[in-house]
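Visitor: Below, each chain spelled out in residue letters.
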Amino acid sequence: MTDLYARVEGKVGNITFNFEHSFKSKGITVLYGPNGAGKSTIISAIAGFSKNLKTTITYKNVDFESTNKVPAYKRPFGTMFQNPILFEHLKIKDNLEFAEKRKKFSINSEKIIPKKELIDHLDLVPLLERYPEDLSGGEKLRVVLARTILTKPAYLFLDEPMSEIDIRYKAKLLIFLKMINRKYKIPILYITHSLEEISQIADELILINKGKKIDYGILPEILNNKSFQSLIGKFESSSVLEGTVIASNDLLNITTLDINGQKLIIPGNPASEGNNIRVRIRSRDILVSPIKLTSPVVENELEGLILKVEKENNTAFTEVVIALVDSKTNELAQKIRARVTTYNYQKLNLNENSRVFVYISSVSIDRQAYQSN
Amino acid sequence: MEIYNLLSSDISAIFITLKLALITCFFLAIIGTPLAYYLAFESKRSKSFLEAIVTLPLVLPPTVIGFYLIVFFSPDTSLGKFFIMLTGEQLIFSFYGLVLASIIYSLPFWVQPLQSSFEKIGKDTIRTAYTLGASPLDTFKNIIIPLSKRGFLTSFIISFAHTMGEFGIVLMVGGGIHGKTKVIAISIYDHVEQLSFGKAHFLAAGMLILSFIILLSLFYSNRTRVVGIK
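In order, the protein sequences belong to chains A and B.
Residues in the first sequence are numbered from 1 upward in steps of one, following the working numbering.
Residues in the second sequence are numbered from 374 upward in steps of one, following the working numbering.
Rather than coming from a laboratory, the hints here were simulated on the basis of the structure.
Quick caveat, the model's predicted, so the values are computed rather than measured.
Yeah, the Cβ is synthetic: ideal placement off N, Cα and C, and Gly gets one too.
Fair warning: there could be bad hints in the mix.
[Claimed, not checked] One-sided excerpt, in silico: chain B residues whose CB lies under 10 Å from chain A:
| hint | residue |
| --- | --- |
| 1 | ILE494 |
| 2 | THR498 |
| 3 | ARG500 |
| 4 | THR501 |
| 5 | ALA502 |
| 6 | LYS522 |
Chain A on its own, in the form it takes in the complex (with noise of 0.2 Å):
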């Protein structure tokens, strides 16, 4: 299903925009791309305020820049931008106020979210009194997200919402983000740098560089893309892993996931069990072996196979990826990406199609690139 469709052409700065693509009406869509790649000016256009460009936007099948066109502040989305701003002249109860009156664009009532609910979500009970300029910059994003949500937008748009906040207030905030997508229905596209952030929220990413689209997929398919990897450079390579919490330690603050069946430590104790859980693992911190190590020496052995091998050129280094076997139907699961040396690969005599015993220190797995979902 799909109500918002896009189309960006023509240049700004030394960007030739030739863009295109049509947003699903409901999850978490990233918009990632290295800096200058024309992401928020894509975002802009679809908000209604490009210049220069030629732009055709969908929304419901009306054509919002048809020689009717439709001005921004009658478009239905709510668009946080880079640089948020809070009216200075009022003080933060108003400048949610200021929001909630003016547009009431989703009909839709199970889409809206309770105002009381977005102040408890993003403690804002101290801060409504107060006037912007005594805010931090952290408290005035949480400001402006909230009073963005209260636009009752029918999609949500966020440019590097989390730039200022701090990591531990970070993951309160994507879990909030993640929880208003899921339980009130509103899809949100979102622009970001951060892996991390990928990690936790994406449900789709597209990539963008210089203006178009190179690719586009669901989050696990697309981490594995080799377009994804000349993005980000080799040293983030990185896989997403999905499981299930089936055992929680709080004596020794571990957890164990299931992933298709086969099992998975990671430190902390971020969900309860049944909880759905998603591991970011870098692929240099994969070991690969193609026989079962008698004592291995980390937490984690998975089983899997090799999909597909990619010798780098001028680098000491091959990336395999590694399709897991799930352990009840023998079938190929979850991929992961793991990073050898070439020399490495040569001598343990790995192919296409070996398979092979992945291991993985729970050590490396990051507290921050987890989340229940």
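Since the structure of chain A is provided, determine the placement of chain B on it from the hints.
Guide: Here is chain B on its own, set in the frame of chain A:
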């Protein structure tokens, strides 16, 4: 008896001056505010042309402006004819001619402070208001005006003071007719010409004190923090 007569003539000059300055500011608010808004937020090159025209009265000698205004206000021009048709009076040497002239030469004094005040608010603030569903008029009324209170105050005070003090143009266009176009500045000039220094002192000191109070209140208000405005 003599003192009474002189005071009545000066009082009429004071009254005309204040009336002129107030009416001019009223029209400046209507004309100059959208102009300042346009100049603050338009990015097209063509705006430089308009900006140069608006600023011209700042750099031109008053006699040059006065000369051209006399030419344009004369009953032979279509503007002059239109005014006669409208009021039966000629525009030149009339109070309304004076108002029109004042609007023109005080325009940069209204536009510039307000323009820089609008620029300080910035496009992003306006965009933000739009994304929240506020129409351009709504945004202007509820965001721009409250955020540029100080800009409006500065524009008003400076334009008011400048209109009150202009001499050359007012003399050329208005002719200094008693009870009609004779403002304080011209009265002072007349008193000095007649060597009535005492009467000149009375008016000059009044202008001096008033101007000082105006500027003092302006600078003082710029120092105090208006709640909610940086």
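Visitor: Would you mind marking each hint as holding or not holding in the structure?
Guide: A quick look at each hint next to the structure:
1. ILE494: 9 Å, holds
2. THR498: Constraint on THR498/B satisfied, holds at 5 Å.
3. ARG500: 6 Å, holds
4. THR501: Given a least distance of 5 Å, the restraint on THR501/B holds.
5. ALA502: Because about 8 Å separates ALA502/B from the closest Cβ in chain A, which is inside the 10 Å limit, the hint holds.
6. LYS522: Status holds, d = 8 Å.
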